[in-house]
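Kindly generate the complete structure, drawing on both the sequences and the hints.
Here the sequence shown stands for residues -26 to -1, 1 to 163, numbered as in mature numbering (1 follows the signal peptide of the UniProt record, and there is no 0).
Check the hints yourself; a few may be wrong.
With beta-carbon atoms standing in for the labels, derived distance ranges [stated by the list, open to error]:
#, residue 1, residue 2, range
1, P74, H44, 30 to 38 Å
2, G33, F127, 25 to 33 Å
3, P146, L58, 28 to 36 Å
4, D28, R130, 31 to 39 Å
5, K120, A69, 15 to 23 Å
6, K91, G115, 30 to 38 Å
7, G19, P101, 27 to 35 Å
8, G15, P59, 20 to 28 Å
Keep in mind that the hints were calculated from the coordinates and are not lab data. Heads up, the beta-carbon is just placed ideally off N, CA and C, and yes, glycines get one too.
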Amino acid sequence: MRIAPTLLSAALVAGLAGLSGATAEAATPVHFTSAHGTFTGYVPGAHAVTYRTDLVPGGAQAHVFGTSAHATGTTTALVVTGLLPNHQYGAHAHANACGPTGDDAGPHFQHTPDPVKPSVDPAYANPRNEIWLDFTTDRFGTGHAKSIVDWTFGSRRAHSVVIHETHTHTDPGHAGTAGARLACLDVGF
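Structure below.
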């Protein structure tokens, strides 16, 4: 059965809002994040950019929702529609906003930054220190992922979510890599 993207999005928002109820009782401030975009080729001011239309077609969409509170950490959900069916993609929060090329989004955002660049050490490039949102699309090209980390953003923040060509590698020397940068969505974490 195919779930309408808007229903899936609403369910994720409701689930994330449920997290805030527990933290609200503890008087912990909760930060909410929400971003949506329809992927197009780059033009100045674009907030959802596809760099590889063969893997992220123009017109595909992405939605990111998140909550962050000291009592619960950071939960981020990604929902995508209009991608290739039955395909594995990687996705991560990146340090910079989207730009004309995938490289403009900079490196993955790391809570504890790796002093060595590029970061391929599993001690730093891992789903506990970064926000990883790998997903596999269904037969309709819809996919979703959720990341839960035990930290919150401080003065340094991620500014985008980048969709990559493959699921994320975890082995030393390749940790955090996921192939080409296919598309980028600006997200105000």
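Quick rundown of the hints versus the structure:
| no. | hint | in the structure |
| --- | --- | --- |
| 1 | P74 / H44: 30 to 38 Å | 37 Å, holds |
| 2 | G33 / F127: 25 to 33 Å | 31 Å, holds |
| 3 | P146 / L58: 28 to 36 Å | 30 Å, holds |
| 4 | D28 / R130: 31 to 39 Å | 34 Å, holds |
| 5 | K120 / A69: 15 to 23 Å | 21 Å, holds |
| 6 | K91 / G115: 30 to 38 Å | 34 Å, holds |
| 7 | G19 / P101: 27 to 35 Å | 32 Å, holds |
| 8 | G15 / P59: 20 to 28 Å | 22 Å, holds |
In summary, the structure agrees with every hint in the numbered list given earlier.
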